[in-house]
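Asks: All chains should be built: construct the whole structure from the sequences, respecting the hints.
For the protein sequence lines, the chains are A, B and C, in the order given.
Residue 271 is where the first sequence ends in the working numbering, and the numbering goes up by one at each step.
Residue 510 is where the second sequence ends in the working numbering, and the numbering goes up by one at each step.
Residue 320 is where the third sequence ends in the working numbering, and the numbering goes up by one at each step.
Check the hints yourself; a few may be wrong.
As the list claims (entries may be wrong) - Pulled from the structure, derived: some chain B residues nowhere near chain C, Cβ distances all over 10 Å:
{"hint": "1", "residue": "S87"}
{"hint": "2", "residue": "A88"}
{"hint": "3", "residue": "E100"}
{"hint": "4", "residue": "A104"}
{"hint": "5", "residue": "P107"}
{"hint": "6", "residue": "E181"}
{"hint": "7", "residue": "D357"}
{"hint": "8", "residue": "R471"}
{"hint": "9", "residue": "R483"}
Stated by the list, open to error - Facing chain A, a subset of chain B residues (Cβ under 10 Å, in silico):
{"hint": "10", "residue": "L346"}
{"hint": "11", "residue": "D360"}
{"hint": "12", "residue": "L361"}
{"hint": "13", "residue": "A363"}
{"hint": "14", "residue": "I364"}
{"hint": "15", "residue": "E367"}
{"hint": "16", "residue": "G384"}
{"hint": "17", "residue": "H390"}
{"hint": "18", "residue": "A396"}
{"hint": "19", "residue": "E399"}
{"hint": "20", "residue": "A446"}
{"hint": "21", "residue": "R449"}
{"hint": "22", "residue": "P453"}
Since the hints were derived computationally from the structure, they do not count as laboratory data.
Heads up, the beta-carbon is just placed ideally off N, CA and C, and yes, glycines get one too.
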Amino acid sequence: MTRPQRHRVDATTLLTVGGIVALTLAGPALAPYAPTEALDPQRLAWQPPSAQFLLGTDGFSRDVLSRFLVGARHTLGVALLAAGVALVLGTAVGLGAALAGRWRESFLMRCTDALLAMPRLLVLLLVVTGTGALRLDALALVLGATGWMTTARLVRQETRRLLATDALRGAIVLGVPPARLVTHHLLPALAPTLAVAATGAFASAVPLESGLSYLGLGVPTPLPSWGNIIAEAEGDLLRRWWVVVFPTAAIVGTVLLANRVAERLTHGDAP
Amino acid sequence: MSATLPALRVHGLGVTFAGAGRLVLDAIEFSLGRGEALGVCGPSGAGKTTLALALLGLLPRGARYAQGTERHLGALRLDDLDDRGWSAVRGRRIAMVFQEPLLALHPALRVRRQIVEVGRLHGLTDQESTRRLHEGLETMGFATPDRIADRFPHQLSGGQRQRVLLAMAMLMRPEVLIADEPTTALDPERRDAVGDALANLRRDHGTALLLISHDIALLRARCDAVVSLRDGRLADAPVVDAPVAGVSTRAAPTTYDAGADPMTHDALTASTRPTSASPNAAAAPLLRVEHLHVGYHTPSVGAEDADGADDVLRDLSFTLARGEVLGVVGPSGAGKTTLAQAILRLLPTRRGRVVFDGTDLAAIDGEPLRRLRRRLQHVAQDAGASLPAHQSASAAVAEGLEVHGIARGAAARTQAAALLAEVGFPATLVDARIDTLSTGERQRVAIARALGPGPDLLICDEPTASLDPERREQVLALLERLRDTRGLALLLISHDPAAIARLAPRVLPL
Amino acid sequence: MRRALLARLGHGAIVIALVVSACFTLIRLAPGDPFFRDLDAARLTTAQREAQRAAFGYDRPIPEQFVRYVGQVASGELGWSHSRSQPVADALAATLPATLLLITVATLLAFGIGVPLGAWMGWHAEHPLARAVDRVAVIVLAVPDYLLALLAVMGPALAWGLFPIGGMRTEFGPRGLGGLLDVVHHLALPALALALPVAATAARLQCAAMRATRDHAFVRTARAKGGDDRLARRHALRAALVPVLSFAGVHLAVAVSGVVVIERIFAWPGMGRLLFEGVLARDYPLVAGGVLVASIGTVLGTLLADLALRWADPRQQALR
Chain A
1 MTRPQRHRVD ATTLLTVGGI VALTLAGPAL APYAPTEALD PQRLAWQPPS
51 AQFLLGTDGF SRDVLSRFLV GARHTLGVAL LAAGVALVLG TAVGLGAALA
101 GRWRESFLMR CTDALLAMPR LLVLLLVVTG TGALRLDALA LVLGATGWMT
151 TARLVRQETR RLLATDALRG AIVLGVPPAR LVTHHLLPAL APTLAVAATG
201 AFASAVPLES GLSYLGLGVP TPLPSWGNII AEAEGDLLRR WWVVVFPTAA
251 IVGTVLLANR VAERLTHGDA P
Chain B
1 MSATLPALRV HGLGVTFAGA GRLVLDAIEF SLGRGEALGV CGPSGAGKTT
51 LALALLGLLP RGARYAQGTE RHLGALRLDD LDDRGWSAVR GRRIAMVFQE
101 PLLALHPALR VRRQIVEVGR LHGLTDQEST RRLHEGLETM GFATPDRIAD
151 RFPHQLSGGQ RQRVLLAMAM LMRPEVLIAD EPTTALDPER RDAVGDALAN
201 LRRDHGTALL LISHDIALLR ARCDAVVSLR DGRLADAPVV DAPVAGVSTR
251 AAPTTYDAGA DPMTHDALTA STRPTSASPN AAAAPLLRVE HLHVGYHTPS
301 VGAEDADGAD DVLRDLSFTL ARGEVLGVVG PSGAGKTTLA QAILRLLPTR
351 RGRVVFDGTD LAAIDGEPLR RLRRRLQHVA QDAGASLPAH QSASAAVAEG
401 LEVHGIARGA AARTQAAALL AEVGFPATLV DARIDTLSTG ERQRVAIARA
451 LGPGPDLLIC DEPTASLDPE RREQVLALLE RLRDTRGLAL LLISHDPAAI
501 ARLAPRVLPL
Chain C
1 MRRALLARLG HGAIVIALVV SACFTLIRLA PGDPFFRDLD AARLTTAQRE
51 AQRAAFGYDR PIPEQFVRYV GQVASGELGW SHSRSQPVAD ALAATLPATL
101 LLITVATLLA FGIGVPLGAW MGWHAEHPLA RAVDRVAVIV LAVPDYLLAL
151 LAVMGPALAW GLFPIGGMRT EFGPRGLGGL LDVVHHLALP ALALALPVAA
201 TAARLQCAAM RATRDHAFVR TARAKGGDDR LARRHALRAA LVPVLSFAGV
251 HLAVAVSGVV VIERIFAWPG MGRLLFEGVL ARDYPLVAGG VLVASIGTVL
301 GTLLADLALR WADPRQQALR
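Replies: Now the structure itself:
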């Protein structure tokens, strides 16, 4: 019996995920200044990067590096949590659809289609309209609640495939009940798919959260997030480049990394 | 051989594939005159298709022609042609019919468009192309060429696609026609029609034919000469009657041509008499199958063989009493495993009933069905694949006990160990992960697992296939013992005559 | 074939019905109801407020409210926008054309560039240029759309002054043909910004599909018939359109989300900018109306793309 080449969780994956989690947790501890502390509005506003302020200061004379590090926790933390929520919801729906009879499956997938048709940012805007600025955990929850559909699709597809394999058929013939089928047979086999789905959910949550924060509707100011740090430039990209370049690089880097991880998980080492 | 220039002459043709290291084709040499037909046979992988592709200049990326390769089409030297040169020649002077018709036809274009395109590429008016299209399709035995031409390839059956490809290749009346397995999907009547059409092409238009097939009889019948290709080299083809080792007209040893299967024959004669009626018919049978029809699920829409004709199992009926052993025999593809899956409700049935101990299996579902499964167990053909790869042998067997409430936790594991011992599984490997076990060991685990729930009927699918004689003996002895000690009814699917002879007093041929 | 077509339309209708239900749920979930908005709250007495609620059916059981809602939506009645003092439907209708223009042009641009580029990349997959383009596409996709707009597009506008920075028209500018050109001039950057990520994905999808298809047997058949490289490539492309057309259907939801940010950055007077202002003004009915309209639009767009998909691959008779 040969194990398939793909779906191998390798060192790079673990390192990357570990790195992101570490940054999320340890970031604030590394910040030299308090992220919301206006150090000297008269003289230290809009200072370019220097030895004292590695990433410069912003319009309120706050240290950008500190804001960047704490913002990392907010951006990444929210995205991770959102990915978790999306994963749980999506897996539940996907499994439910694949194991249910034709009509229930059809209904669940139509619902998924309908929710996918609703532009995600608009729905988020609607929520924010109703509730005003969201707390971080509420933001993560809402992000996850609008982002589980792709996971559901993936899980359903893979579950259907698994149910047709000899191993699952053998379990069904043995008489394993659905609940145990899920916990002992399906979920372990779904682990690689779930990893890919979670990574995808994370990769899509980061730009969304930063976009909302950029618009001023995400992480509530004065709390920093990579998105609202960029927003401070107010379009003046050239003269205030340091509040734009570093968070942008961080966002792009994170998404690239997450996509790479997802690709590795799907294809193993071969492209 | 004719006095004029041969239609096709090949000298010293050699081909290597990047990375293969060796010559795929080695010093091929032959000559084909106008209107002549040459048959090429040989085992799969010998290079027959590569030869055909080499003649058309269509070798895949990374393939190289050997030094000294000479390919002549009439007066034209093919080796020197550039892309434009080839475009003028292919489809017009030399044409090919490929092996897998579904893949060779464009999935999104209608047949008409694909065939007429050949004419367009070589200067025919659309009117003339359409006329030839109709003519060609009619020659191929299509009664309604218009309807066929309007269809998409996936809406045709395999045989129809093959004939469409032939009509396409014949459109420009090429000087040389290469056909790679042109009649595999056809029934005898159509096969003759195609053979006649090709003969007409040779006679009326002087087309030279290179026919590639594993069917030596066909080649002998339709070709002037037959050669065989083995490991990239040509040799004279053997006479059909004596089965020559190596040059096989059959596929790999584990599959059999229907009708000519010696194993089934042996299995049948090994038992008393093939009958579907159980001698213990008086007592209520454990399993009763009535007029069972199980079909394939083809995705094609409107294909020629619709509803019913494609069924794997057709109007199958038999009974099985408690404690009885029934053998199920037949050539590969006859539906033995399908029968098992149908009984186990892993497949939908088109018609008919399966009644297990008085319960119509189609009538129950969910929890009642699951509970019934306790008494109806299965050892799959690929036993190891049906086991959970990451669990230990003990856990896998214990699971059968736990899900049916027979035992839990430590008690389950103890019972599991006992079961594993009963089937002769080494005690030291009880906690080993299943994907670390050998094939034979996995099979035993599968048997032990199936026994756990305490079934009345055990379906064994090819329990002795791929086992060496010693293991085979052990498994057969085990099954015998189980039959005797547990009063287990067995549905024994096997092509192994020894197994059937030993265990099954009755046999059901498929 | 026709039955499958009807089934697809039916499927679309069901999805729209579910979208309407989802919007209804979102509306009902809004904390409070329109009659407790700060603006109106002080001016109405309790009795008046109750009367208003009854008039709008807010005291009815939920199923009845739903039916009412569906009826209202069907007749184009989407509520009242208090921040704009006009019916929601009117506000949306006024800005919809500008957004439609932007999205249509962006989509055409995106697929018009992406598909041929991807096809070329896939056909010549080993070429170093093809690989380089692929890497660029990956990076483009990693950048959030608003950043893309800011950096890649605003930069040239601000720095080099080649394009206007915002708006749809020059104030007091030319009319007629000149006016049309003026609009196009203003449209260029926002459409490009919107199109870039879509083009990148389309190109990558097309590239992957083309790479897979070029080795298929029927491409070889095209050559065997006497076709040249161009014909073979055409045949391959024809069969490789499925993934990118699937994507075309799906990308709309994301594109509409992107429109909000793009319109804000480029001050494009479309529905996205309208909705954004609605968010700031806490104008729930307006934003809810926008979500509904956008969602239905997406479903219709997906339907169109699905029909194109059927043409491209006749085997797709039944979807799943």
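Asks: Could you run down the list of hints and mark each one as holding or not?
Replies: Quick rundown of the hints versus the structure:
1. The Cβ of S87/B sits about 5 Å from the closest Cβ of chain C, inside the 10 Å cut-off, so the non-interface label is violated.
2. Not every CB of chain C is more than 10 Å from the CB of A88/B (nearest about 7 Å), against its label as outside the interface.
3. The beta carbon of E100/B sits about 6 Å from the closest Cβ of chain C, which is not more than 10 Å, so the claim that it is off the interface is violated.
4. Consistency note on A104/B: stated as away from chain C, yet its beta-carbon is not over 10 Å from all of that chain's, at 5 Å minimum.
5. Not every C-beta of chain C lies more than 10 Å from that of P107/B, the closest at about 6 Å, which undercuts listing it as non-interface.
6. Distance check for E181/B against chain C: the nearest CB is about 13 Å away, which clears 10 Å, and the non-interface claim stands.
7. Every C-beta of chain C lies more than 10 Å from that of D357/B, the closest at about 37 Å, which supports listing it as non-interface.
8. The beta carbon of R471/B sits about 42 Å from the closest Cβ of chain C, which is more than 10 Å, so the claim that it is off the interface holds.
9. Listed as a non-interface residue, R483/B keeps its Cβ farther than 10 Å from every Cβ of chain C; the least gap is roughly 45 Å.
10. A cut of 10 Å between beta carbons decides the hint on L346/B: the least distance to chain A is about 6 Å, and the hint holds.
11. For D360/B, the suggested interface contact is broken, since its CB lies about 18 Å from the closest CB of chain A, more than 10 Å.
12. Below 10 Å, beta-carbon pairs count as interface contacts, and L361/B has none with chain A, the closest being about 13 Å; its hint is therefore violated.
13. For A363/B, the interface hint is violated, the least distance from its beta-carbon to any beta-carbon of chain A being 16 Å, above 10 Å.
14. The closest approach between the C-beta of I364/B and any C-beta of chain A is roughly 13 Å, which is over the 10 Å cut-off, so the hint fails.
15. Satisfaction of the interface hint for E367/B is found here, the shortest Cβ-Cβ separation to chain A being roughly 8 Å, below the 10 Å cut-off.
16. Interface hint at G384/B: satisfied, since its Cβ lies 6 Å from the closest Cβ of chain A, which is below the 10 Å cut-off.
17. The restraint placing H390/B at the interface with chain A holds, with a minimum CB-CB distance near 7 Å, inside the 10 Å limit.
18. Annotation: A396/B was flagged as interfacial toward chain A, and the flag holds, the nearest CB pair being 9 Å apart, inside 10 Å.
19. Against a cut-off of 10 Å between C-beta atoms, the interface hint on E399/B holds, since the closest Cβ of chain A lies about 7 Å away.
20. For A446/B, the interface hint holds, since its Cβ comes within 10 Å of a Cβ in chain A; the closest pair sits about 8 Å apart.
21. About 7 Å separates the beta-carbon of R449/B from the nearest beta-carbon of chain A, less than 10 Å, and the hint is met.
22. A least Cβ separation of about 6 Å between P453/B and chain A falls short of the 10 Å threshold, and the interface hint therefore holds.
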